[in-house]
Amino acid sequence: MHEHWKEAKERYEAIEIPEDLSFATESAVRRGNRRYLRRWTLRRGWGAGLAACACFCLLVNGSPAFASAVSSLPVLGDLARIVTVEQYQINDREHLIDVRLPALTDTGNTDLEQRINTEIRTRIDQVLEEAEERAREARDAFVDTGGRAEDFTPIIIDVDYEVKCSNQQYLSFVIYKTETLASAYTEIYTYNLDLTTGTELTLPGLLGPDWKERCDQVIRDEMARRTAEEDAVYFTQDQGGFSGVTDDQAFYLDADGNPVLFFEKYEIAPGYMGIQSFSVPLP
Amino acid sequence: MSSALDRRAVLTEYILSHQADFYRLAYSYVKDRDAALDVVQESIVKALSKADSLREPAYVKTWFYRILVNESITWFRQGKRLVPLEDQLEQEAAPECDPGARLDLYDAIEKLSEKERTVIRLRFFEDLKLEEIARVTGANLNTVKSRLYKGLKHLKEWTEEDDIDA
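Protein chains in written order, with the UniProt record's numbering: chain S, 1 to 283; chain U, 1 to 166.
Hints are computed from structural coordinates only; laboratory data are not their basis.
Treat the hints with care, since some could be wrong.
Pairs of lysine-lysine residues, derived as DSBU-like cross-links and limited to a Cα-Cα distance of at most 35 Å, are as follows [unchecked claim]: (1) Lys-61(U) with Lys-31(U); (2) Lys-9(S) with Lys-31(U); (3) Lys-61(U) with Lys-129(U); (4) Lys-150(U) with Lys-9(S); (5) Lys-129(U) with Lys-265(S); (6) Lys-129(U) with Lys-9(S).
Required output: the full structure, derived from the provided sequences and hints.
Have a look at this one:
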């Protein structure tokens, strides 16, 4: 190397290294590792399952036998409990994410707990991952069409849950995921569990072999009542409105252990009607 | 997960053993002790939190330099630094304004455009290969070459030395 470069490099190397550099470096390493672990936890959480914009109901419905008659005070220790296992927020330019993740404990059935908790985790992980992907795409499209990245409105996601029914036999909770990009959209997932058998509850199991007829009847009557008394509006049959319950009808249990069937926004009624739910009494 | 742990271990070791290099490079951009420390810290935090995107540990150097150079330039552009006007004028004044004065090579490098300067610094002060510089800057190899030659040409003019080509 020629003389000039040697001199120039010497000047470069003579840049004085501050004494506190190693302290600064080490604290940055600690911060970076913490941030990595947070991100990793989050990513792991995004496992499987749901599509975007949704609110899920995870209904872990303990068995229905509405032991719920138990409306009386439950003995706390006997009940399965839903606890918040993870709560975090992510606030950056692209997202404002707020998550409260539930987990099932104290059911006396570890296999069930593990299965359900993994499922919850996996679902939420996947949903968030997909939301992230959408946020990225939306942002790229915004920038490609001449918008400034810093003007992009972040995607807003809220994940939260609600316990609908909890007694010795049944546990039911819903997880909501609401995603707001331009307008908010909530999707619901449901889980319904029988704690005594460790299985998921089904509508035929709860309501008997003629469950579809029963449900259809209740829903049609209630729709008519709401239309007459509350100015409710439902899509007509040929607009894609209600045409009978299907095998994968979503439901959760109310506090008394009665199944509550629900339809997401736009499913059987105009969006402004929101989520429509119908309580079907047990036989 | 174990490979992620390995990656972070590789990265941490690399960071701890090369911190002085990072500081000098950052300082050569921001020209301020505290700002350079900030830039180094931010780069480290970013690098570790995104350790998963380091797919090939052999590229740890160029991968990290890319973050570091971006942070340095971002800091510069974000106006985190409020420069007194006269300093700014002085710094941006083209050397041609004073054709009589010969510049020292080190000072002349400061007058290069940001992109040329980055290539020159990485090539001659950090001893990176041109392919590595391409990875750091995200430009293709020919672009890097052309920036290098343009930069050298300017330096030759400004220093009036003919043996700058190294």
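Now for the hints, and whether the structure bears them out:
{"no.": "1", "hint": "Lys-61(U) with Lys-31(U)", "result": "holds (23 Å)"}
{"no.": "2", "hint": "Lys-9(S) with Lys-31(U)", "result": "holds (16 Å)"}
{"no.": "3", "hint": "Lys-61(U) with Lys-129(U)", "result": "holds (12 Å)"}
{"no.": "4", "hint": "Lys-150(U) with Lys-9(S)", "result": "holds (20 Å)"}
{"no.": "5", "hint": "Lys-129(U) with Lys-265(S)", "result": "violated (58 Å)"}
{"no.": "6", "hint": "Lys-129(U) with Lys-9(S)", "result": "holds (16 Å)"}
Of the numbered hints listed earlier, the single one contradicted by the structure is hint 5.
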